[in-house]
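Colleague: Chains as they are written, first to last, in the numbering used here: chain A, 396 to 511; chain B, 51 to 165.
Hints in this document: simulated from the structure, not taken from any laboratory. Misleading hints may appear alongside valid ones.
As the list claims (entries may be wrong) - Incomplete in silico selection of chain A near chain B, CB under 10 Å:
hint	residue
1	S398
2	A400
3	Y431
4	A487
5	R506
6	V509
7	H510
Since we're looking at a predicted model, the values are computed, not measured. The C-beta atom is built at its ideal place from N, Cα and C for all residues, glycine as well.
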Amino acid sequence: AQSVAQPEDQVNVAEGNPLTVKCTYSVSGNPYLFWYVQYPNRGLQFLLKYITGDNLVKGSYGFEAEFNKSQTSFHLKKPSALVSDSALYFCAVRDLFSGGYNKLIFGAGTRLAVHP
Amino acid sequence: SQTIHQWPATLVQPVGSPLSLECTVEGTSNPNLYWYRQAAGRGLQLLFYSVGIGQISSEVPQNLSASRPQDRQFILSSKKLLLSDSGFYLCAWSVPKGLVSYEQYFGPGTRLTVT
Chain A
396 AQSVAQPEDQ VNVAEGNPLT VKCTYSVSGN PYLFWYVQYP NRGLQFLLKY ITGDNLVKGS
456 YGFEAEFNKS QTSFHLKKPS ALVSDSALYF CAVRDLFSGG YNKLIFGAGT RLAVHP
Chain B
51 SQTIHQWPAT LVQPVGSPLS LECTVEGTSN PNLYWYRQAA GRGLQLLFYS VGIGQISSEV
111 PQNLSASRPQ DRQFILSSKK LLLSDSGFYL CAWSVPKGLV SYEQYFGPGT RLTVT
């Protein structure tokens, strides 16, 4: 079965420090991976995706993610955290059996808290 | 550019009352459309998806239904709400099959409280 796991319920980091939000996946073929961010009472915002190519993917708001096939991971990173980065982050993988409707399988979410 | 709208933004309804949530997408044609529910500010549950007008697939059996009367309009309904229907409802769209872009784009959501 295809799945994605976010092992940390919450991540705490001090402003200015680097941040990492972890994601691991399990798929039967080549994964299509995504990161989304959700601010309180808002919809999810697309941050970045990995489809193919360079393992380091750059996205919105200074975020990047590194695809690691051997470790089946797709961790979200940012060199210097801002208080405004505090939000709920979701990792997702495309369901390879979803045909044309692009079903995404979401992780449970990781709450990022950046302290001043 | 594409935009997605949902309304209402918030809704408080008594148990047993009907429900109608609306989602519209602008700036694209023949999108795939999705309804999700998010409970307790966490995980997303896919409720329905649609690949075209009148084509609805259900992921989870429940007392909700969906319809797609127009290409860019997606409606979530219920005849009689239950307390367990409370949650944050999100609509999303993605490009149709054949186009190389797999991400989904989400609307602002509707907060439903059933009392």
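Colleague: Given A/R506 as an interface hint, is its Cβ closer than 10 Å to any Cβ of chain B?
Modeller: holds (9 Å)
Colleague: At a threshold of 10 Å, is the proposed contact between A/H510 and chain B supported by beta-carbon distances?
Modeller: violated (20 Å)
Colleague: Return the status of the interface hint for A/A487: holds when the least beta-carbon distance to chain B is below 10 Å, violated otherwise.
Modeller: Check passed: Cβ of A/A487 comes within 8 Å of chain B, closer than 10 Å.
Colleague: Given A/V509 as an interface hint, is its Cβ closer than 10 Å to any Cβ of chain B?
Modeller: Because about 18 Å separates A/V509 from the closest Cβ in chain B, which is outside the 10 Å limit, the hint is violated.
Colleague: Using 10 Å as the Cβ threshold, decide whether A/S398 counts as touching chain B.
Modeller: violated (13 Å)
Colleague: Under 10 Å is the threshold here; is the Cβ of A/Y431 close enough to any Cβ of chain B for the hint to stand?
Modeller: holds (8 Å)
Colleague: May I ask you to test the interface hint for A/A400 with respect to chain B, counting a Cβ-Cβ separation under 10 Å as satisfied?
Modeller: Given a least distance of 12 Å, the restraint on A/A400 is violated.
Violated hints, in rising order: 1, 2, 6 and 7; the structure is consistent with all others.
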